[in-house]
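> Sequence:
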Amino acid sequence: MDIILALGGVILVVAVGVVVIGAALRSMRPKAPEPHVFTPSPTMARSVASSSTSTASASQLTPAAIAEIDRLVAAGQKIHAIKLYRQHTGVRLQEAKDRIDHWSVSTTAPHLAAVSNAAAAHSSITATPSSVRGALPASVSAEVDRLVSADQKIQAIKLVREHTGLGLRESKDVVEAWPHPRRL
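First residue of the sequence shown? That's 1 in the working numbering, and the numbers climb one at a time after it.
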């Protein structure tokens, strides 16, 4: 009788061990990746009143702010776009990030061609001072002229990058080749 109880106890311990090991192995098994779909987290759940203020804050964006966000997103500068969105709407960082991550640049908006030269940053065509000067507003070109003549090339490079979407190297090359304005 003692042998039967001991044998039953051993079988029970082995069965429990197999179940525990099986569960542990199953939980460690890699899972198939799930498609990334935007769903607001539970912390983002709000009352109807607060969600309406969120919608109202999105409507606070001026056309100029939307154009600038379009330009920044098209140039791949999402951090600056998020900062600008937060400044104009006052939303939390996570909400601004989610909005910018799902921002679709308006392809029919005329401001993209006028304001942004972001495509030149990814183009195989080399930017020249004359082509960049033509793409910049007159006031910005005059400011670059002033900075180049004052030997403030770093500030001129920053200004060219900000208004064209060109990379650092391309902007530096443009500023170094920028014609010096004649002094009177």
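Honestly, the hints are just simulated from the structure, not real lab data. A few of these clues could be false.
To be verified - Label pairs and their computed distance ranges (CB to CB):
no.	residue 1	residue 2	range
1	Ile79	Ala177	40 to 48 Å
2	Ser104	His180	41 to 49 Å
3	Gln87	Arg169	25 to 33 Å
4	Ile79	Val14	22 to 30 Å
5	Leu168	Ala64	37 to 45 Å
6	Gln87	Leu168	34 to 42 Å
7	His102	Pro30	55 to 63 Å
8	Asp101	Leu168	19 to 27 Å
9	Ser149	Lys83	30 to 38 Å
10	Ile154	Thr128	17 to 25 Å
11	Gln155	Thr62	51 to 59 Å
12	Asp145	Gly76	22 to 30 Å
As the list claims (entries may be wrong) - Straight-line C-alpha distance at most 20 Å; calculated EDC-like pairs for lysine to aspartate or glutamate:
no.	residue 1	residue 2
13	Lys158	Asp173
14	Lys153	Asp173
15	Lys172	Glu162
16	Lys158	Glu68
17	Lys172	Asp145
18	Lys158	Glu170
19	Lys158	Glu176
20	Lys158	Asp145
21	Lys97	Glu143
22	Lys83	Asp101
23	Lys158	Glu143
24	Lys153	Glu170
25	Lys172	Asp151
26	Lys78	Glu68
27	Lys78	Asp98
28	Lys78	Asp101
29	Lys78	Glu162
30	Lys153	Glu176
31	Lys172	Glu143
32	Lys83	Asp98
33	Lys153	Glu143
34	Lys83	Glu95
35	Lys83	Glu143
36	Lys78	Glu95
37	Lys83	Glu68
Think of the CB as a built atom: it goes at the ideal place given N, C-alpha and C, for glycine as much as any other residue.
> Take the hints in turn and mark each one as holding or not.
Do the hints match the structure? See the list:
1. Ile79 / Ala177: 40 to 48 Å: For Ile79 and Ala177 the Cβ distance comes to about 30 Å; the hint is violated.
2. Ser104 / His180: 41 to 49 Å: holds, 42 Å
3. Gln87 / Arg169: 25 to 33 Å: Given about 29 Å between the Cβ atoms, the range holds.
4. Ile79 / Val14: 22 to 30 Å: For Ile79 and Val14 the Cβ distance comes to about 57 Å; the hint is violated.
5. Leu168 / Ala64: 37 to 45 Å: violated, 26 Å
6. Gln87 / Leu168: 34 to 42 Å: violated, 25 Å
7. His102 / Pro30: 55 to 63 Å: About 28 Å separates the Cβ atoms of His102 and Pro30, which means 55 to 63 Å is violated.
8. Asp101 / Leu168: 19 to 27 Å: Holds - the Cβ-Cβ distance for Asp101 and Leu168, about 25 Å, lies within 19 to 27 Å.
9. Ser149 / Lys83: 30 to 38 Å: Taking Cβ atoms as reference, Ser149 and Lys83 lie about 32 Å apart, which means the hint holds.
10. Ile154 / Thr128: 17 to 25 Å: holds, 21 Å
11. Gln155 / Thr62: 51 to 59 Å: violated, 27 Å
12. Asp145 / Gly76: 22 to 30 Å: holds, 28 Å
13. Lys158 / Asp173: Holds, at about 12 Å.
14. Lys153 / Asp173: holds, 11 Å
15. Lys172 / Glu162: holds, 12 Å
16. Lys158 / Glu68: holds, 17 Å
17. Lys172 / Asp145: The given pair, whose Cα atoms are some 14 Å apart, holds under the 20 Å limit.
18. Lys158 / Glu170: At roughly 11 Å apart (the allowed maximum being 20 Å), Glu170 and Lys158 satisfy the hint.
19. Lys158 / Glu176: holds, 13 Å
20. Lys158 / Asp145: holds, 13 Å
21. Lys97 / Glu143: Violated. Lys97 to Glu143 sits at ~33 Å, over the 20 Å cutoff.
22. Lys83 / Asp101: holds, 13 Å
23. Lys158 / Glu143: OK: Lys158 and Glu143 at ~12 Å, within 20 Å.
24. Lys153 / Glu170: holds, 13 Å
25. Lys172 / Asp151: holds, 13 Å
26. Lys78 / Glu68: This hinted pair holds, its Cα atoms lying about 11 Å apart.
27. Lys78 / Asp98: The hint holds at about 11 Å.
28. Lys78 / Asp101: Holds: Lys78 and Asp101 sit about 8 Å apart, inside 20 Å.
29. Lys78 / Glu162: holds, 14 Å
30. Lys153 / Glu176: holds, 8 Å
31. Lys172 / Glu143: holds, 16 Å
32. Lys83 / Asp98: This hinted pair holds, its Cα atoms lying about 12 Å apart.
33. Lys153 / Glu143: holds, 11 Å
34. Lys83 / Glu95: With Cα atoms ~12 Å apart, Lys83 and Glu95 stay inside 20 Å; holds.
35. Lys83 / Glu143: Violated - the C-alpha atoms of Glu143 and Lys83 are around 25 Å apart, more than 20 Å.
36. Lys78 / Glu95: Judged against 20 Å, a Cα distance of about 13 Å means the pair holds.
37. Lys83 / Glu68: holds, 11 Å
When held up to the earlier numbered hints, the structure conflicts with 1, 4, 5, 6, 7, 11, 21 and 35 and fits the remainder.
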